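Visitor: Single-letter residue listing:
2 protein chains.
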Amino acid sequence: LCQPLQALSAPPLPQVAMNGLKEKVLTLDTMNPCVRRVEYAVRGPIVLRALELEQELRQGVKKPFTEVIRANIGDAQAMGQKPITFLRQVLALCVHPDLLNSPDFPEDAKRKAERILQACGGHSLGAYSVSSGIQLIREDVASYIERRDGGIPADPNNIYLSTGASDAILTVLKLLVAGEGPTRTGVLIPIPQYPLYSAALAELNAVQVDYYLDEERAWALDVAELRRALCQARDHCCPRALCIINPGNPTGQVQARECIEAVIRFAFEERLFLMADEVYQDNVYAEGSQFHSFKKVLTEMGPPYATQQELASFHSVSKGYMGECGFRGGYVEVVNLDAAVQQQMQKLLSVRLCPPVPGQVLLSMVVSPPAPSDPSFAQFQAERQAVLAELAAKAKLTEQVFNEAPGIRCNPVQGAMYSFPRVQLPPRAVQRAQELGLAPDMFFCMRLLEETGICVVPGSGFGQREGTYHFRMTILPPMEKLRPLLEKLSQFHAKFTREYS
Amino acid sequence: LCQPLQALSAPPLPQVAMNGLKEKVLTLDTMNPCVRRVEYAVRGPIVLRALELEQELRQGVKKPFTEVIRANIGDAQAMGQKPITFLRQVLALCVHPDLLNSPDFPEDAKRKAERILQACGGHSLGAYSVSSGIQLIREDVASYIERRDGGIPADPNNIYLSTGASDAILTVLKLLVAGEGPTRTGVLIPIPQYPLYSAALAELNAVQVDYYLDEERAWALDVAELRRALCQARDHCCPRALCIINPGNPTGQVQARECIEAVIRFAFEERLFLMADEVYQDNVYAEGSQFHSFKKVLTEMGPPYATQQELASFHSVSKGYMGECGFRGGYVEVVNLDAAVQQQMQKLLSVRLCPPVPGQVLLSMVVSPPAPSDPSFAQFQAERQAVLAELAAKAKLTEQVFNEAPGIRCNPVQGAMYSFPRVQLPPRAVQRAQELGLAPDMFFCMRLLEETGICVVPGSGFGQREGTYHFRMTILPPMEKLRPLLEKLSQFHAKFTREYS
Chain A
29 LCQPLQALSA PPLPQVAMNG LKEKVLTLDT MNPCVRRVEY AVRGPIVLRA LELEQELRQG
89 VKKPFTEVIR ANIGDAQAMG QKPITFLRQV LALCVHPDLL NSPDFPEDAK RKAERILQAC
149 GGHSLGAYSV SSGIQLIRED VASYIERRDG GIPADPNNIY LSTGASDAIL TVLKLLVAGE
209 GPTRTGVLIP IPQYPLYSAA LAELNAVQVD YYLDEERAWA LDVAELRRAL CQARDHCCPR
269 ALCIINPGNP TGQVQARECI EAVIRFAFEE RLFLMADEVY QDNVYAEGSQ FHSFKKVLTE
329 MGPPYATQQE LASFHSVSKG YMGECGFRGG YVEVVNLDAA VQQQMQKLLS VRLCPPVPGQ
389 VLLSMVVSPP APSDPSFAQF QAERQAVLAE LAAKAKLTEQ VFNEAPGIRC NPVQGAMYSF
449 PRVQLPPRAV QRAQELGLAP DMFFCMRLLE ETGICVVPGS GFGQREGTYH FRMTILPPME
509 KLRPLLEKLS QFHAKFTREY S
Chain B
29 LCQPLQALSA PPLPQVAMNG LKEKVLTLDT MNPCVRRVEY AVRGPIVLRA LELEQELRQG
89 VKKPFTEVIR ANIGDAQAMG QKPITFLRQV LALCVHPDLL NSPDFPEDAK RKAERILQAC
149 GGHSLGAYSV SSGIQLIRED VASYIERRDG GIPADPNNIY LSTGASDAIL TVLKLLVAGE
209 GPTRTGVLIP IPQYPLYSAA LAELNAVQVD YYLDEERAWA LDVAELRRAL CQARDHCCPR
269 ALCIINPGNP TGQVQARECI EAVIRFAFEE RLFLMADEVY QDNVYAEGSQ FHSFKKVLTE
329 MGPPYATQQE LASFHSVSKG YMGECGFRGG YVEVVNLDAA VQQQMQKLLS VRLCPPVPGQ
389 VLLSMVVSPP APSDPSFAQF QAERQAVLAE LAAKAKLTEQ VFNEAPGIRC NPVQGAMYSF
449 PRVQLPPRAV QRAQELGLAP DMFFCMRLLE ETGICVVPGS GFGQREGTYH FRMTILPPME
509 KLRPLLEKLS QFHAKFTREY S
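For the record, the sequence lines run as chains A and B.
Counting along the first sequence from 1, when you hit position 58 you're at 86 in the working numbering, and nothing is skipped either side.
Counting along the second sequence from 1, when you hit position 7 you're at 35 in the working numbering, and nothing is skipped either side.
The set of hints was computed from the structure by calculation and includes no laboratory data.
Watch out, some of these pointers could steer you wrong.
[Said to hold, decoys possible] Residues on chain A that point at chain B, a partial pick, calculated with CB under 10 angstroms:
#1 Arg-98
#2 Asp-103
#3 Leu-121
A quick note: this is a predicted structure, and the numbers were derived from the prediction, not measured.
Quick reminder that beta carbons are idealized off the backbone N, C-alpha and C, glycines included.
Model the full assembly from the supplied sequences, consistent with the hints where possible.
Guide: Now the structure itself:
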């Protein structure tokens, strides 16, 4: 029998523990250390506790509340939003083509379904698609982007469908990581950020480079701050990419066109690959705010930006007005990507075979909805507008109610689906949290959950300036629940403040 | 403006190329070197060429064939297999619950759909599920495993639903990789293998440790060979996991119970984490062959194996009798996993939010199909049996026709969906291939594709003993096409052999 090599750099592994059991192969000490470093607050300890509380309620345990309200995650349909009828009609027809003979489905839904089935292997959603996604749907996405961007061309060959936007973001980051020690890839991300970014960078062993959004100026992005972050990072890593989330998650700001131009100039000068997380492009509510895609701005800036600046832009079926999170559909468009790298990306995607086909089908509807002449147009438009109008009203209400509460300050929710209010926490509460080994805002959010059933995510899970405290709360609860919820939360904060004063 | 750090260990990056263009940030030289090393033959150059040929045919280019037959990938529905009606009925009802009022759906399908919708957030497939998958469906999977394994208990908390089996395999491998240089994680994989394994290990920068299946004994797995591979590997890495594919892909063997016992004893003695790829558990055709799950054998071996040996077993909705590849459903069951590691796995999965819900729904049907008393039972059984019986006949026919051809030798296709015949290639063909910079079997398969339209994957994409040549061909083409296909392929081989003799 051969003996394991005792490498100099690793401690010898104990083969048999004290109790006579062999030690496990896979333990906290022997597992992938990068995975250990991963954190993901949106589904972290507070959400696990919320699940437990729901179970306790079902078992009849008495609580000071009757239901847990999950305002922790951008999951519209879990909060009661109804699916858009047309999307589900087409998908049902594709899933079960016998329905194509049913009189209960509109003609345009049937036409769409037949067109998609024609493009599927064996005319079935059950076949793998090509790894980049069904060609027809990539063409639909390209047409959508062209319409969105005022006619600027989009090439279907630069579009890759994905398992939600997260999957595409991970793929692009995976291409970018390289080097060791001081040449390790650094990636600039906003603080506050959506923690997919920090989690992915930890998993990939890349360096997270924080740039701070300016809370005093409604979470504006400032190029001077980008430059500060970049310069400091160059001491210890090789910054190669810059992530932007617009509209902002968790911060809800919508970037002005001039700001986007400045960011593009900065990225070009500093040789940074741009990653534009634009999954909330349909979620813009504030008057005067407008979504500008990085692709459009970059193209309109002309050469050298239009011809050379590398960009990946991400979109998803999980947000917008449709909120079809469970289907895991999305895409990335790459711009000015090196041709050989693009082949490598194609190869990497092929290992995963293909994105889920139902998510591809829903994406196809989102990017090519009913036209005015189609029988489904009126209902589709009405449903879409109703969702977006209600979201806009809820965005406004959230800002308003929070800003009436002493000790809470909330920037305008210009877009996306979240408020990220700042809360003052009394020094004695901060001290108590430290005694418990908790971040002060985690302590606040846990107490909030236990006493009110409201589940929000502490700001520390997204990043915030030292000494400031926030939480992220979605604007998704139904209107009739949202106002009482906001008031209950404000009252809890007041009580919490008194308790620790 | 700050200057980039010129790290000692990295060559300075050229900022501006000769033509005045800035060099791209992301190039072959600067991208992730692990991704560059990834190879995935099942969708490699031969498949890209097949796609091109299909396009040329559509454009009216004259070819010596009228259609490309994609026998490269285990994609039953792409080859014309019809979906199982009950699965699609339930899914259509879940996608578009208005159909619950339709008289065209059987009552048991409606009951199933209602039960699933009750378990979904907001009673909709459009909500995220918990990251490990819908609890109800995990319970269904646990019951299925218990029935399959003769009553041995399965815990739903040890079951994680996934985006196809590939996703779950990558997750478990990701937990296992650690170390550098001689302590780098080594993973034993069979040769020939399914190239997901080599691709994943390259991407994760782990060490691939090859053990050879014995072609002379119908691709049997021999513990002496496992030991040889392990001992040699310990010189340069730290082997920590052993992957088994049973029934075999691409090799089609079904492991005997004694063999599985020997593998488990070996893994236990040598402290290897077992990964059992059992996605073809429903695809067993040969008389006398039977599927034994690693979980069942391990449990029946009693302590210390039953209580200590770590195991992950994978299953999928893409294979079996249903072949629902496009939905990307699957699961992993973990056994004897360290509790703290399991929490880490849970956390890692949460970053990806959740597996696609439609795939979860299909999995639920696969693990809890109609019972004999249900209205859909008869049709479901008939459809299921028809698929499996035809696959069995095609497995037999494939073996038979190939073995009639001089220079081709094919082991019995006891299970799974592939034959992996060995072909003799004349020395002059080998030489010609080398001149062209191609693996000899790639040269053969490319010529086959160009002259006959038959797309199969060269053995070099799966691994094979030096100096032997194979290809993988699915048994999925419809019966009426399969015999002519096999004969055409055999004739082409004869012609190719004459040409280079």
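Visitor: All hints, please: hold or fail.
Guide: Hint check results:
Hint status for A:Arg-98 relative to chain B: holds, with the closest Cβ pair at about 8 angstroms, below 10 angstroms. Interface hint status for A:Asp-103: upheld, as the beta-carbon distance to the closest one in chain B is roughly 5 angstroms, under 10 angstroms. Taken as an interface hint, A:Leu-121 checks out: its beta carbon lies about 8 angstroms from the nearest beta carbon of chain B, inside 10 angstroms.
Comparing the model with each earlier hint shows no violations; every hint is respected.
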